[in-house]
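**Q** Chain by chain, the residues run as shown.
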Amino acid sequence: MLPPSGDAELVRRIAAAQDRSAFADLFRQYAPRLAGFFDRQRMQPGVRDDLIQEVMLRVWRHAHRYDERRASVTTWIFTIARNARIDHFRKRRAVVDPLDPTYVDEQTPRADAVAQEREEAQRLREAIQSLPEAQSSILVSAYFEHKSLRQIAEEEGVPLGTVKSRVRLAMGRLREVLGVQS
Amino acid sequence: MIAHHLSEDQMLAYSSGTASAGTAVLVACHLTLCPACRHQLDGLEAVAAVVEASPSSELDLDVLLAGTLGRLDAPTPLPPRFDKDGVLPSALAEHVGDFSALPWKWVFPQVKEVVLDAAGDGMPVRLFQLSPGSRVPDHAHKGVETSLVFTGGFSDDEGHYQRGDVAIRDESAIHRQRIDPGEPCVVLVVADNPLIPKTLRGWAASKIRKF
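Those protein sequences? They're chains L and E, same order as listed. The numbers in my numbering rise by one with no breaks, and the one at position 6 of the first sequence is 6. The numbers in my numbering rise by one with no breaks, and the one at position 123 of the second sequence is 123.
There may be inaccurate statements among the hints.
Unchecked claim - Selected chain E positions facing chain L (Cβ under 10 Å, derived; list incomplete):
1. PRO55
2. LEU88
3. LEU92
4. VAL96
5. VAL115
6. HIS160
7. GLN162
8. GLY164
Everything labelled a hint here was simulated from the structure, so no lab data went into it. Backbone N, C-alpha and C define an ideal beta-carbon position, used for all residues, glycine too.
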C-alpha cells in the first residue's frame, strides 16, 4: 500500500514512472465523482462507464502535460471529462494543444502555487452560492443542461446581451475569489 | 502583443460545450495564441469543476478499474494535425490542412475566401484573404460576427487588429476596414446567426460604397 499522497503527487508518479498503483489510487478517488458528473447529465449507465474509462485513460496518457501552476488536479480532470463528453456528442472538438508549433507559451508561471484544493474549492463554492440567482443559474444551465446562452435568453425572456452581462459579472466576482487578475 | 480578446460568454460556451462548431474552432485558435485568455479560462474551469464534482454511489468501482487497467497499454490515438507552415493552430488545421495549400477562391476584387463547414451543421465559417493596402467595402450583417486574424492586419473604427486579435461586431457595426500594407491579411470569420448565412456576394449585392 502506498502512503496517502496528494493528487498532484499521484499524477507526477504516473507521468514519471507509469506507476499503475498511483493510477489505481487516483482512479478510486475520481471515478465516483466522474460518475456523479455524468449522472447529472442523464447518461445511460453503459455510456457513463465508458466515458469514465475514457477520461481516466486520457489522464494516464496525458499525465506528463499536467501543469500544477495552472490548475488543481480536480480542475484538470474535470476539464478532460467535459471534453470527453463533447467528443462523444460531436465528431470533432476544437482542441488547444500545447504541442502545436503555433502554441504561444505562458510567459511567466502563475504567481501563487496552486492553493490547497479543498480550501480553494470551498471558497469557490461559497462565492458561487453568494452570486445572485440570475447569474449562478446561467452557469448551471450551461454546464449541466448544455444550453447555449441564446437558449437561456429565450427561455428567460431576456435579451441575449443581458445574459452576456450576467456572465461577465459572475466571472468578475468569482475571479476575485480565486485571486485571478482580469 | 495581442490587444483584443475573447469575451467571457465565448469562453463559457467553449468550456461547457455549447458553442457552435465554428465558434469553438475560433476560440481554440485564439487560446492557442493567447496565454492570458488561457489563464482566464483556467479560472472558469476551476469554477465548473466545483459545480460539477460531487460523487455518485451507483458505481461498480472494482470492475471499472480492472477494465481500465487492462486498456492502459492499448495503442494511443493518432496525434492531431499540425500546420506544416506554422501559421494555423491545429483546431483549424484539422479542417483545412496546411496554410500554403489552402484552396483560395476569388470572390471579390482584393478578397479571396475558403469556406469551411466545421461540423456539417450549416453554420458558415470562412477564411478570408484580404489584399495588403486595400479597403474592404462597407457591409452589414445580421447577428454577431467574430473575426480572428492570423497574418497581416487591419484597422477599423475600433482599433488595429493583428495576429491573435479577436474582433466581435454586432449588426449595428459599420465596417470600414483598411488592410495593412505588406502581407495579405488572413482572417477567420464566424457568424453567430444560423438563419442568415453571410456571403461576400451578399455584401457586394447590397452594400457596396465607393471610396
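**Q** For every hint, state whether the structure bears it out.
**A** Do the hints match the structure? See the list:
no.: 1; hint: PRO55; verdict: 4 Å, holds
no.: 2; hint: LEU88; verdict: 7 Å, holds
no.: 3; hint: LEU92; verdict: 8 Å, holds
no.: 4; hint: VAL96; verdict: 13 Å, violated
no.: 5; hint: VAL115; verdict: 17 Å, violated
no.: 6; hint: HIS160; verdict: 19 Å, violated
no.: 7; hint: GLN162; verdict: 14 Å, violated
no.: 8; hint: GLY164; verdict: 8 Å, holds
In summary, the numbered hints that this structure violates are 4, 5, 6 and 7.
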